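Colleague: As a plain string of letters, each chain reads:
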Amino acid sequence: MSGNGLVQILDGNTFVVSDASGDIEASLTDPTGLFSFDTRFLSRWVLTIDSQKLTALSTDDLHYFETRFFLVPGTGTVYVDSQLSVIRQRAVGDGFHEAITILNHKDEPVELKVRIDAASDFADLFEVKDALEKKGKYSAKVEDGQLLLSYNRDTFTRSTRISSSVPARIDKKGLTYDVSIKPHGEWKTELDIATSLLVWGSRKRTKYAAKNRRGKSGMEANLERWIADAPRVECDWEPLKATYRRSLVDLAALRFSPPIAGGRSLPAAGLPWFMTMFGRDSIFTSLQALPFTPELAATTLQALGDWQGTRLDDFRDEDPGRILHEMRYGELPAFEERPHSPYYGTADATPLYVVLLDEYERWTGDTKLVRDLEQEARAALNWIDEYADLLGNGYIAYKRRNEETGLENQCWKDSWDSISYRDGRIPGFPRATCELQGYAYDAKRRGARLARTFWKDDTFADQLERQAADLKRRFNRDFWVEDGGYFALALDPDGNQVDSLTSNIGHLLWSGIVDKSKAKSIAQHLLGPRLFSGWGVRTLAEGEGRYNPIGYHVGTVWPFDNSFVAWGLRQYGFKEEAARVAAGILDAAEFFEGRLPEAFGGYERSVTRYPVQYPTACSPQAWSTGTPLLLLRTLLGLEPVGDHLIIDPALPRGIGHLELLDIPGRWGRVDAFGRGRVDMPRGTGGLRQQLGVEEPTGKHRRQRV
Amino acid sequence: MTSATTEFFNALSKREHEPMLEKTTGTVRFDLTDGKRTERWLVSVNRGDIAVSHKNAAADCIVRAPRKVFDRIATGEVNAMAAILRGAIALEGESVMAVLFQRLFPPPPRTANP
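Read top to bottom, the protein sequences are chains A and B. If you count the first sequence from 1, position 450 lands on 450 in our numbering, and the numbers rise without skipping. Start counting at 1 in the second sequence, then tack on 1000, and there's your number in our numbering.
Treat the hints as calculated values from the structure; they're not laboratory data. Predicted model only: the values in this text are computed from it and were never measured. Be a bit skeptical, because a hint or two may be false.
What the hints assert, rightly or not - Keeping only pairs whose Cα atoms sit at most 20 Å apart, straight-line, the calculated EDC-like set for lysine to aspartate or glutamate is:
#, chain 1, residue 1, chain 2, residue 2
1, A, K456, B, E1039
2, A, K106, A, D50
3, B, K1023, A, D457
4, B, K1068, A, D50
5, B, K1023, A, D372
6, B, K1055, B, E1039
7, B, K1023, A, D50
Claimed, not checked - Sample of chain A residues at the chain B side, in silico, Cβ under 8 Å:
#, residue
8, D306
9, N382
10, D385
11, D423
The C-beta atom is built at its ideal place from N, Cα and C for all residues, glycine as well.
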């Protein structure tokens, strides 16, 4: 589950990262440990037998929430013919549980000293990232036969309570067992690690715990139900089936229940470091997954609505109506040393909120939620005109008010050098990036439909439609780069074009803001040699000043980005072009065993022959996980119209026969069928079999379910 | 001299209807401690209609905080959510009520218009 040999298991925002033998020996900056609610609750968890550490023979990833380690005593590189086997089986789910079993293979009894060292530094996730010092006090005590580790800073308290099914000698640094095992016998103990944070109040906490008290079988059943409820894919091309299944399981692992969502889940952004509510990531992933698991969208809309901004707060970059960027629960936000309680510095989540609400209704027919969220949607639409037009030119622009710990780039390309002119210069702030205007246009048009149909407010609907038409007219004039035949990446603070060619123009097709007359030129650029690598559309075109095929937002290919580009191409009738983008990304997925990374290198496909993974902290990433889902929708041309689902497939020939069965929606459940008819041009992408190109297959990493 | 807390609840009581709570129905009780004294404010919300009293009645959500801390929340100096995260405020019952209610607290004083 992680690239650097560390083993991870998780449930919601509780997760364990350990080495291959199950031990945790974390330094402040080392990302191992037991984490929950953005705090590390165990930084040391080491098992020894007669003072010897153990060596892993194998690790079995049973589920995303459960792992089993097979171990033998000794740490030598040469295999010792051990007379003992040790099995550590651990699961996360309302705390952390570990069962330790020791098997004696000898004909005679053994006497062993089994020891678990335990400690916690209670680091905030931000401290792990930025190596900050702690300001509070630690304590450890033995109480009621349990080891209690605590951290206190004023009223801030976090504690870890460790108990054992077999009585142990407990000291402040761990647990010791004096073990006798008969010939060919076994010994077993179960350890229970409970984490506590005095946040939601005692009664609430008990209730919360009781509700989520899931044994491991409960979690297994939950995962099985999740997969059974989703549509099924039947396909001649086996890798697509595998990719689809991987996406569903990963999406299950990425589910996160915010404390106020009544046990319902929304997609968190990425595993494990971004297991929290993010405006942008949760919305994009919900959009991608709508035809498959629409309930994620409902929770996303509800939870983001509950936390919608209501006041002007510079520290949190909060405005009335603004949808949050990121919520965190650790020590630094608690003491306002970081603004994530929640932080609102994103310029796209607010219009996208309205887009998701409308798209959700079109699929599900859940008019109740649309009526319930009228106020939130109106406030979001109001934010666009009232608070986001920082330059007074009728465009959404962003500039952080929290200069110290706020985010500079408040669009999805959020790295420092992501927004640049052709010559590589970087503009000042505020910045009005182009895709934000597309989202605003789409939000107004969709808002108009909601106002007319559900809120019974024709005046407001008319106003939104007029504004949208005006925005489209101005946008096609002000952002159009005449000598390039595409839309500028942004307008700078002086209203001049930031003129580089980027993948953002694909999002503009998705939003519908592009004049029909200009769409062809956009499609040609997206599939042209400067942007299209053969695997997908690059974030920044080859030839631009800052282009770098392994630059985070300046040349790599982002699967999520491509899924919306493909959807956009379909919207404007470029079926074959959409199929080519989809085919390239789905082909790449096979190299990653169905788990698309956040990004991969923008190298030409014909040069590298395989997609070069970009090093990244989080895998799976939610919107990469959602990508194959949206690509399936795009390939099959699924579009809800009234109470019907329109199916208009345009599949690459190599896919052969494709069936998506039991698609949920306002129509109940329907099936979609398609057959590959779109030919892929040689050498520019497409499915491997069809091209007949011999390419190395991906390295087979072992991955868990 | 009236405290910031009293002013906040008095102003709330005068408003009678609060659009930001139009979807909310339920009761929130604030138990504000000052030494041995506990000052109680019971706010009942009925689809945005607000009634404020000092009744010590059961509520859907109970917010417990030192009066001093709440005074600073009532002026916007302290952020309610951060205070919850650091345990300066304890919640009991339906915490979603508290999340919705925090919309009513004023912004931090330093905020300038954008």
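Colleague: If a hint holds in the structure, say so; if it doesn't, say that too.
Modeller: Here is what the structure says about each hint:
no., hint, verdict
1, A:K456 / B:E1039, "violated (45 Å)"
2, A:K106 / A:D50, "holds (17 Å)"
3, B:K1023 / A:D457, "holds (19 Å)"
4, B:K1068 / A:D50, "violated (54 Å)"
5, B:K1023 / A:D372, "holds (7 Å)"
6, B:K1055 / B:E1039, "holds (10 Å)"
7, B:K1023 / A:D50, "violated (62 Å)"
8, D306, "holds (6 Å)"
9, N382, "violated (13 Å)"
10, D385, "violated (13 Å)"
11, D423, "violated (31 Å)"
In summary, the numbered hints that this structure violates are 1, 4, 7, 9, 10, 11.
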